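Trainee: Here are the chains, one letter per residue:
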Amino acid sequence: MLSDALFLSRLQFAVSTAFHFIFVPLSIGLALVVALMETQYLRTRDLEWKRQAWFWGRILGLNFVLGVVTGITLEFQFGTNWSAYSKYVGDVFGPLLAIEVTTAFFLESTFLAVWIFGWKKVSPRTHVIAIWMVLIGSLVSAYWIIAANAWMQRPVGFAIRNGRAEITDFFAVVTQPAAVIAFAHTVISCLTLGAFFVLGISAINIILGKGEAFFTRSIALAAPLALVFSILTAAGGHINGEEIAKIQPAKLAAMESHWETSSRVPIALLTWPDEKNEGNYIEAIKVPGLLSVMAFRDFNAEVKGLKEFPPEDRPPVLLSFLSFRLMVGIGTVMPGIALLAWFFRKRIAEKKLFPLRLLLAAALPLPWLAILAGWVLTEVGRQPWIVYGVMRTADAGSPITAGQALGSLVLLTILFSVVLAVGKIFIGRLAFSGPPGDDAPAFLREGGQS
Amino acid sequence: MITLWFFIWVFLWVMFFITDGYDLGLGSLLPVVARKEDERKLVHSAIGPYWDGNEVWLIAAGGMTFAAFPGAYATMFSALYTALMLVLVGLVVRGAAIGLRESARSESERRVIDYAFSVANLVLCILFGTAFANIFRGVPINAAGVFQGGFFTLLNWYGLLGGLFFTAALLHHGALWFMVKAGGPAAERTGRLIRWLFVGTAGLGAVFVFATGAVTGIARAVPDRPLMVIPLVAAIGGLLASTYFAGKTEWKKAFAGSAAFIAGLIFFCMAGIYPALLPSSLDPAFSVTATGSASSPLTLKIMLGVVVVFLPIIFGYQWWAARIFKGKAQAEDHY
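Sequence order for the protein chains is C and V.
The numbering of the first sequence is the working numbering, which starts it at 136 and goes up by one.
The numbering of the second sequence is the working numbering, which starts it at 16 and goes up by one.
Excised from the complex, chain C in its bound form (with noise of 0.2 Å):
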């Protein structure tokens, strides 16, 4: 495998991406906290709310650098390690990358800058402003990728003229339902992240005794978004799994562990899959008739089994089921534990609320992992295609030497890696170090202009 540029090169776009991922839906969440903790200090002028933006503010500046510095390797991966997809399919995803950058990177960063930088040098009103853009324009950079990749999911609106695939209706590429489904589920998890980020972070606060007030003013805000994010979350992942269910139905079989095609399709709740044998080990606890319901909505539908699929045409199945079972687990879980923070948000320092500060805080991995399980459910769930139906990832490489691609495969894994433990580190002083005291810029305590 070693010998395998083109796995090499899998397992390199497959890293950096899950680097990447793990910064990126932390600013996207933390930016809408920041936004709304500073437009209630826009509107009630109270300095404590002035305080909480620039905490969590601060956290999410350092994480908004790390999520740009291991994001630039992605678009360069597209030339240096697949070459021959962005050959045949630039013409359409091409576009949707640089329309992505030309929209929203260069919003990002300056408003972002604004913001940092800004604290004594605009009125409050416009500092409030550039926040919320740097939220619009993380959402507008989501919804391009997100669209690029609902195009390799389900390529729609180009043709295959002079051998590549060409763009043909560019509203169709944009607008496809997979795009729009995918882009809703996958933004609003971000956002539930970032709530159960403010959420777990501030109960240990509360547990290391610093700043009960403060902490808890952090939770009383981010308790209603976690709630009301985290159960959207669950429905936008059944409409997601509808909409897979009409476009991929091998991924559908492969997440679910489905081999013959039937009707009335129960889930077993104890399931593990045996690919070699083309069945599962075990099959217990079935749920009659749940399989076909989830996916079509009737009770009789008929759900199309991996044998129904070549060999050489099936995703890796125990990965796909792993991850899709991981992310439903911790999405069905999640509501139950903001429904808890929520419904004790304003006592949530009191003596007897320590489990509950407990589980906030054992929380904190979850809706990353689940986050992470759903993009390797999406990207691996693919396979073998690159783009579904069009093109095989075994056809999409660069003529690289293996050696190139192990040596930068070895070099971005162990940089990345010092980069995220680095940033923990120092991502965790700014999260711990207690409510903005006297050592705090001045600004925190003036109101300013406006």
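It cannot be assumed that every hint is accurate.
Have a look at the derived ranges for each label pair, beta carbon to beta carbon [said to hold, decoys possible]: (1) C:Ala348 to V:Arg207: 48 to 56 Å; (2) C:Pro519 to V:Leu297: 33 to 41 Å; (3) C:Gly572 to V:Val127: 26 to 34 Å; (4) V:Gly252 to C:Val525: 46 to 54 Å; (5) V:Glu122 to C:Lys345: 21 to 29 Å; (6) V:Ile339 to C:Leu493: 41 to 49 Å; (7) V:Val244 to C:Ala529: 44 to 52 Å; (8) V:Gly198 to C:Arg482: 52 to 60 Å; (9) C:Val525 to V:Pro327: 35 to 43 Å; (10) C:Ala529 to V:Gly165: 22 to 30 Å; (11) C:Gly542 to V:Gly252: 56 to 64 Å; (12) C:Ala529 to V:Arg207: 37 to 45 Å.
If you are wondering where the hints come from, they were derived from the structure by calculation, not from laboratory data.
Predicted model only: the values in this text are computed from it and were never measured.
Every residue gets a Cβ at the ideal spot worked out from N, C-alpha and C, and that includes glycine.
Following the hints, put chain V in place on chain C, whose structure we already have.
Mentor: Frame of chain C, contents of chain V only:
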């Protein structure tokens, strides 16, 4: 249409070099111009609000290559594989260092971060210079567009000369930027350095231009495209203007002169390789050309609409943001 896109493509690279160029140059100079912590902080204040927006021009240049010339994007990026991977490492270290420095707790942590930061900047200057010199000269790509060399193919004398020259030019550019944005002992030190940076830039620039005439096809293109003389004259004029205004300590004008120098030179060289985006050193017929690698007319039209609508908007809010940060940077500008 394709020629227009070629100019847009060149324009984006020029924007990258004249904007990110100054913070790469200044970042490389950090240990030379700043000796004490508040001086180092001042250098970071002159970079902090700008570098990320500047780096976006690089992403835009890459993205537009992908959108408008996917064939060139695929060949160029895979041919320059190792160089680009090192560029990525440099960009990651540079950006991460800026982000992390803010919450460093001790002098020694800041030392390590600043060291990594300035080395990354310097390496990036050299790599970009070497990569572009190789693009001007052409790299060994065969008829199928497959690169026939390795990383060391790029380290030929002309490529290395390009690396040295770009580094000198960007250090000069960055030093002038610092003079625009800062005062105090660090600026005085930088001011004394500028004459030497100018000498280095002009000297290496002259050698580079002659070498370019000797080993690339750029000079041979001039008789067919007499208009190429304009950017070349603009470059020379800009460089002379930069030293003239530097002598009068009119730093903004000196910085603008340096920007004109970099822009003119890149424009001149790239116009000289047209219609190739990446010439082949094996056989001109194997070169990756604008026409041969372009997207479909519909895609080019869509992207032209995007550029025409959004570039003015981008310039608008960037101008607005630049006005917010106008004037000298202060060490305590950090949030």
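Trainee: Each hint should be assessed against the structure and marked as holding or not.
Mentor: Tested hints:
1. C:Ala348 to V:Arg207: 48 to 56 Å: Given a distance of about 53 Å, which is inside 48 to 56 Å, the answer is holds.
2. C:Pro519 to V:Leu297: 33 to 41 Å: Since the Cβ atoms of C:Pro519 and V:Leu297 sit about 35 Å apart, the hinted range of 33 to 41 Å holds.
3. C:Gly572 to V:Val127: 26 to 34 Å: Holds, at about 27 Å.
4. V:Gly252 to C:Val525: 46 to 54 Å: holds, 52 Å
5. V:Glu122 to C:Lys345: 21 to 29 Å: holds, 26 Å
6. V:Ile339 to C:Leu493: 41 to 49 Å: Holds - the Cβ-Cβ distance for V:Ile339 and C:Leu493, about 44 Å, lies within 41 to 49 Å.
7. V:Val244 to C:Ala529: 44 to 52 Å: holds, 50 Å
8. V:Gly198 to C:Arg482: 52 to 60 Å: Holds: the Cβ-Cβ distance is about 53 Å, inside 52 to 60 Å.
9. C:Val525 to V:Pro327: 35 to 43 Å: About 36 Å separates the Cβ atoms of C:Val525 and V:Pro327, which means 35 to 43 Å holds.
10. C:Ala529 to V:Gly165: 22 to 30 Å: 25 Å Cβ-Cβ, so the 22 to 30 Å window holds.
11. C:Gly542 to V:Gly252: 56 to 64 Å: violated, 44 Å
12. C:Ala529 to V:Arg207: 37 to 45 Å: violated, 59 Å
Checked against the numbered hints above, the structure breaks hints 11 and 12 and satisfies the rest.
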